[in-house]
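**Q** Sequence:
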Amino acid sequence: MGLMDILMQAGGGSLIDQVAKQAGLSPEQAQDLVKSVGSAMAGQVKGRIESPKVDSGDLEDLLRDSKYAHMIDKPDDFLNSGKREEEGIEVLKHVTGSREVSREVASEVANKSGFDTSLIKSLLPMLAPLVIGALSKGLASDDVPVNMKPSRESDNGLMGMLDFDNDGSIMDDVAGLAMKYIF
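In my numbering, the protein residues as written are 1 to 183.
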């Protein structure tokens, strides 16, 4: 199951319902918006992982934190919590690296999707933990072949976690994951 499938099915569709309600969109528009934001955020995760200038240990911790994967099963618990905004901003900071980059992501998604930038900015903190949860759930999924799962012996942080074939390069592995989870 890909990233978009996980997001679309989160909580039996309640994630899409919540986004539609909060944003004043139809369920179909909410799906399109979640897909656009999810793809952009997955791209941010990939970019931070690939950058030799970025310590991606914070992303490793987020991806391994089971509470984010569990949010996918019960997104309403997170979406209706009093800490949603605070926690969402914190996760978003780890995913993008800064508020400025978060704004750039919102602008990029708006340009590609046609949705209003301010709407996307308001939804990024809501969706960031759920995208991390979907990625986390996807990495732990039984749908990922055993030979594509991270090797515990060679685990040296997130780079090791994503070098599934132990060839020393994550480029091929991340590209494969991106194709699997985005489409």
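Just so you know, these hints were derived from the structure itself, not from any lab.
Honestly, I wouldn't trust all of these hints.
Calculated cross-link-like contacts (lysine-lysine; reagent style BS3-like; alpha-carbon spacing at most 25 Å) [stated by the list, open to error]:
1. Lys-53 - Lys-74
2. Lys-21 - Lys-112
3. Lys-46 - Lys-35
4. Lys-46 - Lys-67
5. Lys-121 - Lys-67
6. Lys-83 - Lys-67
7. Lys-53 - Lys-67
8. Lys-112 - Lys-67
9. Lys-46 - Lys-121
10. Lys-74 - Lys-21
11. Lys-112 - Lys-83
12. Lys-35 - Lys-93
13. Lys-121 - Lys-21
14. Lys-53 - Lys-83
15. Lys-121 - Lys-93
16. Lys-83 - Lys-121
17. Lys-121 - Lys-35
18. Lys-46 - Lys-21
19. Lys-35 - Lys-53
20. Lys-21 - Lys-35
21. Lys-53 - Lys-21
22. Lys-74 - Lys-112
23. Lys-121 - Lys-74
24. Lys-112 - Lys-46
25. Lys-35 - Lys-112
26. Lys-83 - Lys-21
**Q** Now tell me, hint by hint, if it's right for this structure.
**A** Against the structure, the hints:
In summary, the hint linking Lys-53 to Lys-74 is not supported, as the alpha carbons are separated by about 35 Å, beyond the 25 Å threshold. Note on Lys-21 and Lys-112: the hinted pairing holds, with a Cα-Cα distance of about 22 Å set against a maximum of 25 Å. Only pairs whose Cα atoms come within 25 Å are accepted, and Lys-46 paired with Lys-35 is accepted, the gap being roughly 16 Å. At roughly 21 Å between alpha-carbon atoms, Lys-46 and Lys-67 fall within 25 Å of each other, so this suggested pair holds.
Between Lys-121 and Lys-67 the CA atoms are separated by roughly 24 Å; this keeps the pair inside 25 Å, and the hint holds. Restraint check for Lys-83 and Lys-67: the C-alpha separation of about 14 Å stays at or below 25 Å, so the hint holds. Annotation: proposed proximity of Lys-53 to Lys-67 is violated, straight-line Cα distance about 28 Å (limit 25 Å). Between Lys-112 and Lys-67 the CA atoms are separated by roughly 31 Å; this puts the pair beyond 25 Å, and the hint is violated.
Pair hint Lys-46 plus Lys-121 holds up; C-alpha atoms about 20 Å apart against a cutoff of 25 Å. Taking the CA atoms of Lys-74 and Lys-21, the gap is near 17 Å; set against the 25 Å cutoff, the hint holds. Of the pairs offered as hints, the one joining Lys-112 and Lys-83 is violated, with about 30 Å between alpha carbons and a cut-off of 25 Å exceeded. Simply put, Lys-35 and Lys-93 have alpha-carbon atoms about 20 Å apart, close enough for the 25 Å limit, and the pair holds.
Restraint check for Lys-121 and Lys-21: satisfied, since their Cα atoms lie roughly 16 Å apart, inside the 25 Å limit. This hinted pair does not check out: Lys-53 and Lys-83 have alpha carbons roughly 31 Å apart, beyond 25 Å. Of the pairs offered as hints, the one joining Lys-121 and Lys-93 holds, with about 13 Å between alpha carbons and a cut-off of 25 Å not exceeded. Simply put, Lys-83 and Lys-121 have alpha-carbon atoms about 18 Å apart, close enough for the 25 Å limit, and the pair holds.
The straight-line distance between the Cα atoms of Lys-121 and Lys-35 is roughly 15 Å, inside the 25 Å bound, and the hint therefore holds. Between Lys-46 and Lys-21 the alpha-carbon distance is near 30 Å, which puts this suggested pair outside the 25 Å criterion. Note on Lys-35 and Lys-53: the hinted pairing is violated, with a Cα-Cα distance of about 28 Å set against a maximum of 25 Å. This hinted pair checks out: Lys-21 and Lys-35 have alpha carbons roughly 16 Å apart, not beyond 25 Å.
For the given pair, Lys-53 sits about 39 Å from Lys-21 by alpha-carbon distance, which is inconsistent with the 25 Å threshold. Distance check on the hinted pair: Lys-74 and Lys-112 sit about 29 Å apart at the alpha-carbon level, beyond 25 Å; violated. Pair hint Lys-121 plus Lys-74 holds up; C-alpha atoms about 23 Å apart against a cutoff of 25 Å. For the hint pairing Lys-112 with Lys-46, the CA-to-CA distance comes to about 19 Å; that is within 25 Å, so the pair holds.
Restraint check: the Cα-Cα separation between Lys-35 and Lys-112 comes to about 12 Å, which is no more than 25 Å; the hinted pair holds. Distance hint between Lys-83 and Lys-21 is fulfilled; the C-alpha atoms sit about 19 Å from each other, no more than 25 Å.
Hints 1, 7, 8, 11, 14, 18, 19, 21 and 22, counting from the list given before, are not met by this structure.
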